[in-house]
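K.L.:
Spelled out, the chains give:
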Amino acid sequence: MKNKFPWISMLVVVLGAITMIVPFLDMVFTSFKGPSELKSVYYVLLPKTFHFDNYKEAFRNMNMGRLFFNSIVVSLSVTISVLFTSTLAGYALAKLNFPGKNTIFKIILITMMFPAFLFLIPNFYIVTHFPLVGGNNLFGEGGSGLATSQLALILPFAVSGFGIFLMRQFILKIPNELIEAARIDGASEFRIFWQIVTPLTFPALATVAIFTFIGQWNEFIWSLLIYTVNSDLATLPVGIQMLQSSLDPTRTRALVSAAMTISVIPVFLLFVFLQKYYIQGFLISGLKE
Amino acid sequence: MSLTNRKNEILMAYLFLFPTILFYLIFWLIPIMFSFILSFTEWSGFDLSLIKWVGIENYKAILSRGSTFVNPVLINTLYFAFGTVILSFIASLIIAFMITRLPFEGFWRTLYFLPMVTTVVAIGNIWKFLYDPNYGLINGLLNKIGIQPINFLNDPKIALTSIVVVSAWASIGGAVLILSAGLKAIPEIYYEAATIDGANIFQNFWYITLPLLRPSMLFVLITGLITGLQSFTLIMVMTTSGLGGVGGGPANSTNVAALEMYNQAFVFGSWGKATAMSFILFVIVFLITLIQLYIFRKGGVEEY
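Line by line, the protein sequences are chains A and B. All residue numbers for the first sequence refer to the working numbering, where the first residue is 292 and numbers rise by one. All residue numbers for the second sequence refer to the working numbering, where the first residue is 523 and numbers rise by one.
Calculated directly from the structure, the hints in this document are not laboratory data. In this text, all values refer to a predicted model and were calculated from it rather than measured experimentally. For glycine and all other residues, C-beta sits at the position ideal for the given N, C-alpha and C. Just to be clear, a hint being listed does not mean it is correct.
Coverage of chain A stretches by chain B, computed from C-beta distances (three or more under 8 Å per stretch; other residues unrestricted) [to be verified]:
1. 317-327
2. 389-399
3. 438-452
4. 506-512
5. 541-554
No farther apart than 25 Å at their CA atoms in a straight line, the calculated lysine-lysine pairs in the DSS-like style are these [what the hints assert, rightly or not]:
6. A:464 to A:567
7. A:386 to B:529
8. A:464 to A:392
9. A:339 to B:666
10. B:529 to A:392
11. A:397 to A:464
12. A:397 to A:386
13. A:567 to B:706
14. B:529 to A:397
15. A:330 to B:666
16. A:330 to A:347
17. A:464 to A:386
With the rest of the complex left out, here is chain A (with noise of 0.2 Å):
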């Protein structure tokens, strides 16, 4: 259906695109604007002059470099933990015979059948009640629990379906015959998977690293529940969030802004550079039924 150069298409899209971005452009700007502009009633989109203590004050009020360390310590932890327990149960799913492979790899499936918002309760309980942590008796009761540190943060993130579920299709096209042969030359098993399996992966590791450190990065829900419990491990998004109730009303728009800006342009930065993994990742998200 290809036709001449195509203008209102090129029209179309183009608006489409500014109501993309203009939203993201008012935060940026509303991030740097003066008192005057916050209360003017007259909206205007750019700032007269770039007002950088907006920032200054968004670090000193939220204790921004808290809120960014351990954003950064568990999106890195979950990340590297994902992969590393992906790979493994990949790697056995694809290419080992065990009994009960075939039911294990079921059961993964159906795991993911599951949403989310199910395991919000009960998992708070337990993660707040775990046994033998965090001043907890063998009950779970008296302390907090795993809440005492980031643990509770990445521990219910530390294992994903979809990250075995594409480790395991893409280890499927490794050629059996490159493992039999490392392992009549006498590799271990061990060996085979780590010096052979795994370099060969690469691809499938970079989608599932960077699908799975921007999910966790823009994770809200969960954080702020264990935030509830124990304020020292606010992430980024819920720091924007805290923000907004703890300010003079007219200048929040423009701290609360700063704090998006700082959380939103890092994520921006990685998905333009690394898209082509990300959008694998999210298109396998969708169709790993």
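Given chain A, work out where chain B should sit, using these hints.
P.N.:
Only chain B this time, still in chain A's reference frame:
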């Protein structure tokens, strides 16, 4: 392979799967059984010894006539999910058609995709500011053409629709990606052949594009519906200020099932009711998932 090697392989496999199995036991199987049991009890979430068995009372109360969970909460949920899906679908179908004919297609698609990688907290707050009746961009523009400010988020008649628009806006990028990929998979030669046989552009669309794009369209619609039925963080962010409030207002007009579940548990401390709600919502979502499975049984796994 010798017997020791075989044993070795089995041992290795279980060793490799150990972290995964342990995880699913602790954070999947135990919680879901625990939650299911809770849905038949009355409990405030603190002291397990105060738990009270009430049988199916929670389910009965939630689904009874006059229950706020059915009206307005479930009705809002359906409105939110279908509204988002339909709006996003129409917009992304148009964009997908046009984008595939443009130079720099990848660049445009990237722009449309940005909201998909933005935390919902930022999306919600950005739009809260855009919607602001006094200082926001949208009312600023309306003001210029002489329209009175609209209170998008505080008027119960339009609050939910205002949030639906945001939710659809944020999901267009993903749908455009899938639909434009589907469009490009249709061989150009079909259109050429049809045009030679005298088909016009509308016949081309009706007899070639629509049937061949059907899998992609169904996929976008169904996954969008599944996501829409369970989403609540956007509404929570846009209808509360800070971390304190309950959300779903004004006057329950934006309250949806998953938000009500969250509030019942973590604000009102009715864990029994909350878990019962989660299973009711789950049944609805699961039925749609099964329909999706049925439709896409032949594709999916084998394709990737």
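K.L.:
Now, for every hint given, state plainly whether the structure supports it.
P.N.:
A quick look at each hint next to the structure:
1. 317-327: holds (count 3)
2. 389-399: With 6 residues in contact (Cβ-Cβ under 8 Å with chain B), the coverage given for the segment 389-399 of chain A holds.
3. 438-452: Contact hint for the segment 438-452 of chain A vs chain B: holds, 4 residues under 8 Å.
4. 506-512: It holds, with 5 qualifying residues against the three required.
5. 541-554: holds (count 5)
6. A:464 to A:567: OK: residue 464 of chain A and residue 567 of chain A at ~20 Å, within 25 Å.
7. A:386 to B:529: holds, 15 Å
8. A:464 to A:392: holds, 18 Å
9. A:339 to B:666: holds, 20 Å
10. B:529 to A:392: holds, 15 Å
11. A:397 to A:464: holds, 19 Å
12. A:397 to A:386: holds, 16 Å
13. A:567 to B:706: holds, 17 Å
14. B:529 to A:397: holds, 23 Å
15. A:330 to B:666: holds, 17 Å
16. A:330 to A:347: holds, 20 Å
17. A:464 to A:386: Within the cut-off at roughly 10 Å; holds.
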